[in-house]
Amino acid sequence: MVMFVSHVPTRRFGFIDLFVLLFVFALLFSILHLGSGMVAPLTTDEKIVVSTDPADLPYYAGRSVLRMFLAYGASLAFTLLYGSLAAKNKTAEKLLIPLLDILQSLPVLGFLSVTISMFMGMTPGNLFGVELASIFAIFTGQAWNMTFSYYHSLITLPQDLQEASTVLGFNWWQKFIRLEVPFATISLVWNSMMSFGGGWFFLAASEAITVLNRDIRLPGLGSFTAAAAEAGDMTALCWAIFAMVATIVLIDQLFWRPIVVWSQKFKMERTESQIAATSFVYDFLQRSMLAGWLGKTLIVPLLAAASCIMNGLAHWGERMQSRFGRQPRRFGAPNVLKGLLGLVAVAFVGQQSYAGLAVLTSLSAESWLEIVRLGALTFGRVMVATGLGILWAVPVGVWIGSNPRWSRFCQPLVQVAASFPANMIYPLVAILYLRFAVNFEIGAIPLMMLGTQWYILFNVIAGAMAIPNDLSEAATIFKLTGWQRWRKMILPAIFPHLVTSCITASGGAWNASIVSELVIWRENRLEATGLGAFISRVTEAGDWAGILAGILVMCLFVVFVNRFFWRRLYELAETQYHLN
Amino acid sequence: MQQVLIELHAVNKQWNLGENKIKPVLTEIDLKIAAGQFVAILGASGSGKSTLLRIFAGLTAVSSGKVTYLGNPYQGINPGVAMVFQSFALFPWLTVLENVMMGLEAKPLSKTEKKEKAIRVIDVVGLDGFESAYPKELSGGMQQRVGLGRALASEPDVLLMDEPFSALDVLTAENLRRDILELWREKKIPTQTIIMVTHGIEEAVYMADRILVVSGSPATVMTDMAISLPHWRDKNDPAFIEIVDKLYSLMTKREVADGQRKLPHEDRGVIPLPNVSAGALTGFLELLEDLNEKTDLYKLADRFMMDSEDFFPVIEAAAQLQLAKIVDGDIELTPEGARFAQATVLERKVLLQEQLFLAVPTLGQIIAVLNSKSNKRMNVEFFKETLARSLSAEQLEEYLDTLIDWGRYAELFAYDENSRQLFLE
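From first to last, the protein sequence lines stand for chains A and B. What the first sequence shows, in the working numbering, is residues 472 to 1051, in sequence order. What the second sequence shows, in the working numbering, is residues 903 to 1327, in sequence order.
Take these hints with a grain of salt, some might be off.
Claimed, not checked - Just a sample of chain B residues kept apart from chain A, beta carbon distances all over 10 Å, derived:
id, residue
1, D1147
2, L1189
3, P1263
Unchecked claim - Calculated pairs, EDC-like style, for lysine to aspartate or glutamate (alpha carbon to alpha carbon, straight line, at most 20 Å):
id, chain 1, residue 1, chain 2, residue 2
4, A, K767, B, E1000
5, B, K1038, A, D631
6, B, K1016, B, E1000
7, B, K1286, B, D1307
8, A, K646, B, E1000
9, A, K736, B, E1000
10, A, K738, B, E1000
11, B, K1009, A, E634
12, A, K738, B, E1039
13, A, K565, B, E921
14, A, K646, B, E1007
15, B, K1009, A, E789
What the hints contain is simulated information worked out from the structure, not anything from laboratory work. All C-beta atoms, glycine included, are put in the ideal place defined by N, C-alpha and C.
So that you can see chain B by itself, here it is in the shape it has in the complex (with noise of 0.2 Å):
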């Protein structure tokens, strides 16, 4: 094995949300980073992958455990690393030139050397004849070289990408990523690692050397798989498909797994939802009723157009109403689900209801709650301060906001923003 870059040894974190309440988000982490290693973590929205990210680059300090880099535990930046943003995170008032120059800034170099460092970075990463041009006067992908090349600039050991195609159009996307490998694979950079989050499995699979799927609550890495499929990698190769149909059914297990291990011992029966509006999950099931048969979940994130962001979250809405059902990596309606997507729009009122009250029981209690008042009315604060015990400050918003999308659309209350009053019509 080749010599060890960053070293994360028995790791843990967890934010202080005040009151003394805390929220672990990640556990027990070892991991090896080694040099010349393409790594890809992958997990869902929240799953506490970019607080990993951010623990290598030591913009976040671990709770307990040991960082190292190079053997030399750090604190504060870690001084192997440069970083790519999802936004870009481009100084808007620089010039290219100027914003690339920025990644020199704290190098004791004199003002010519940086410059020509600069001009060097940005003609390796293809803005030859931008140099002079704003940040707003490029596309998406031109930006990203910039950020790119701001990153180069320090000529790192480890380069973090903070989802650095996700906001970019497919296209642009495609092109940015054969670029990135072929500089990094031709050794164009001097750049030994690439360690990169992502929610695009099929980026993933596509680019890296090893994928480590972070999952959980509070979050580990439960995968730790590496890809040997030789550069550069077809798509429609059988043997990468598998990969990727077998990292899908691995990530969406664990998803509905970790919704429904919940039920039991939470007290009071909340579960968390999944925060997706009833609008979504009723496109989703009517998609769904459209195909008519068991589906491949792979097959149909493609299909959908859909990342897994917004993905999963939907799939497990559909799973927790008991819309319908998820067995290794597939996906079909159940009966009820069948009836609600060819129903009309007060039929799927009625339906929803009944699924709402056998899948939510804190909607039971909160119909109870209202029918005993006389004018009918109960302020939100009430239901946020006993449902408070069961749920972080966090969850709970969420949790709040998607009961009451819910409840309203299966007009089961209506809702007066002005007052935060639900009420029963």
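Chain A extracted, bound-state conformation (with noise of 0.2 Å):
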């Protein structure tokens, strides 16, 4: 039932993907070009100072939840109209979802300097910008998964459905909103608890950051951990991480518990099922007199008349579209418009492609053989990193998921634990590893596997769940026992969710090496040798030609693997080992 949703389209790598490369390494190197020249002016010099004491702790607390759901806000908008436009205009589709495909493949913490410079030269002299560059990493950790879900919702939406909205005489406001959001919801809900969760990891990273030689702090527990961290502070350290830990246990239950036992009256069945997700939350705002008063009163009058303006304009629209006929349509005002907006696109990336080669090409092809090198240990390390995880997490996960009573009690703790940045942990790690002076080549493995292992635990758990009875029952018959059941049974049976948390994990991983492989406790500076911490280091240096070219060979070493390696697995379990 409940799974991490990674979207994986199986289209065959084409001329079109190329572009879009390009296209995104354009756009980068023209984010990162603005960006360098607007730092300039910046001269906040005044620092903010992060305190350790535990009593600050509410109101940080407080900061980071404000931008949790501001880039939440930011996704959800961007979801709807990144999906409906790639769902219903067939050009537009054509080149969106590539897109999309390789932003969801990105190591956005890679891109964490280049947006803030960019984001501090729009507001110049102030921690706005540096806010906003926050808000955008984390947006950038939800985004892509929930535009997906919305897309695959909206292209699988039921042709009846569809047609009966057409036959009723719906406008496009009446279709998203009677049909298209309510169709989706159920994904999306799911999708989103899930990427906000995922979205910590990147608020703790982005509120303590060094860039360009400057330490940006911005309020909130990922700065107070950081901040404990470099004080050497053990107790403000735990309390960050109590904190944290309080902070997502109750967002769960105030706001995504009652969230999803809302959303199940959107479920497509046609039969009621048996086993409803509960709220007590939900229960209870049910019961409430205040809130019944306060939604008849404030918020249901509210969102008609919302809902009545833009059904006013969809109206409107359509009229004016009936009275100007579709005659001037035919003589190609979209087709020169398309034509145009093509030549610019490829104008922008031939342009910025080209300027952005010119930085490149100032390096010596000895430090880009340098920059592969570290690429390929931290490849090694992410696929150790993945295959450890599912070393002990298979077995695991398979043993919770065929006793019912326990997976029930663990499901929401392994979410609690998949949504807990792991990076406010590093700190605790650091300590153990200088007092038994573990070698950081390898201590840099652990550190990655802290985040992004419960992706693995969590779909086994799944999986294992979804093994029909009749399916062990037979096993059991036909006496298969030990290896043997688990080679024809169950191996196979959960292997699509394998796969599928596989790449969640592995993505995760590569995410994570930019702040695992360079760990700071005190005046210690644990460091491994890889990619992730030759981009923290170039980004704290303000090397541009290294940023540019370390993140380059990241996304290549990303998208390759998942190309060749990943979606081949997927291809199979998908064809496979499908088990309905």
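Dock the two chains into a complex; use the hints.
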């Protein structure tokens, strides 16, 4: 039932992907270029001092939560717009979906330096730009997956419902609000919840960062942790972790649970299901007089008014369209527009790629080789981290998943663990490493795993729970035991879940590499040789050529591994090991 | 004649399959639908009868020709229609009342007016007391009543129904048929005309005043028959049975003729195969053998409880493999067919091999290709490409699926799903 949904389109790599890759590169370069130009006027020297007093934690937690929700709001708006556009316009779809596919596999944290400098440049003299950059980082961690989910819902809308709404004379707004959004709600809510959980990691990473020799601190849980780690204050660190867990649990109970319960009514099944999700907050709100009164007198009329306005707009738009008819369109106003847009895009991509290449060529062949070598090292760590994750999470997950009592108890725990930003524990682990003098080249691997293994565990539990009872009974009758049972039944049955989770986990590990290959505890710097540490280092130093090359190489690694390894496995899982 | 509501003039419809491939579906349709008619559209599956209904609705635009409602051409949705769907197409997240109110969503009425109207309609279609229920709490018949209520709420001149009873069980369907007929005949609803697509011949004769048979490829209206039996009609009435029988023989003759007519002019002998599994064909022949005589097709369908959707392809397959023959609406086994039905499993494979080689030349070519290869293996894609010129992409998939199914059943070759290869054992 519960699953981290990762959408893996099974298209072939085509010309369009090449263009999209170039486009992303051009975009990256131009942002970087603009950002570096705009950094100059910024002269905020008053450094925000982040306290390590536990009494300040509620305020900091509030700031962090605010950032998370702003980012979530932006992601949701982006999702509805981008998803609708991609699903409804064939020309847009051809470009937007490959673009989304690549954006999805980019290691977001690598871009942090770039986006921070850009946003800081946009709002010189105060921290608002940094706030925006942090929100943007969280946004980039959430939006792609949600957009894919919404797009997928739209293209799988049942034909009969679409025809019904057309015959009923719905305009685009009525279709959107009465059909498309309700139909997408269930998967959108699940994806939102999971993406929101994943967002904490980006929050913690973006609140305290060193860009271009400047320490940037935003008041929040992440910066509190960083401050505690720099001061070596164990108590404050523990308080921060406690506050983080409490915040995650509270938001889950107060916000997501009620929404999940409410969203159950959008289930498409035609018969009633047995197990229903529950939420005490939802029940409470349902029973509460005040909530009911507020809803009736404030929320419902407000929504109705908004809907009425949109409805009027849609109606007016359709009248205009029918008045001016379709004739002028045939002479290709859209075609001319399309051509122009295409030209602009090509010109932009061409010019910016060229300029970007000029920066890249300033790097010597040796430094390129070095970056690729570092990339290979990090790649190795990512694979080992994923492999180790599989090694422990599969047996444990299968065990939990085949015990209904345990799985009901464990699933929410695993969910919290997956949401918890692992980078907040890094200082604690660093202490251990320092005490026992662990080689950090290897020590960085468990740090990566801290954040990503939960995805595997979670999905394996879901996969094991989904094994049909008759299948396991059949295995018992045919006396499959021990290894045979694993090989013939359990592994094939959980394989699709496993592959999906591995894609998510390795993507997460690439992201984590940027913060986990370089950890600071007081004056100690633990650094592993790898591309993640390299990117962190050049970001601190403000070496633009290095940043650009580092991110580029990492993106290429991720995209290639996804295309040629994970996607193959995914296709296999889809065709051969599908249980339905 | 009463006022003409919808008129189709010289209408053609073709699907654009891409790569400059065009598949004509409907050709030269001229139809006048007048007020006060109950029209049933009959045809085999894929004959274009649903497309025709969607042209009436304005859901599908015509490729050429003219469509008018009350004399005014319409582009996009026909303003005078509402539609009932085979799958009900209810919004599962809305209650019965809210679903029916959706029928008025596009109308400029206040919320209270919409609600009042919806409640009246709910009463009419017999859903009183279920206003606040969700569709999933209702049985199929009740759900279809909601679909009907939603369509009637907007008080359309023409009610379109797309196989409205085929997702319901026999008794529920019968009940709903009677209720709809009663609503319409006793003018309890302002709807003037009903157009219904169906594949149930008996259902059409029971309900409609006018039956259109759509067939051919591309399809056109082959038969336009008025049914003047008085309501309520008795299904055991000889006059009723005669009409049903006539329609059956009309439809099968055309079906089979369609299949055979293609033989000479299709290049390289590629005859589209009816999409029937070898298992279904075998079962059908066994049942036919049990009857042991020449049989009326209409009675046969009734006896096997099959609707024409499943029934015609099986008949066609049996005829194409020359295991059965059809004469004037009657079917009987050929000597080969009789031998096949009595044979053991192993003998059947040999018999089927012979018939297949006779009837499907492509199979012989496939075997020859496999034999010529040293490893006796070949990709399905290869055969696909060689056949691509003779069949459309859609037909090709179906054709190969059926061919592979029959070939495997007859043990002519084996098939590996993973590598998509055919091979000889």
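Hint numbers not upheld by this structure, sorted from lowest to highest: none
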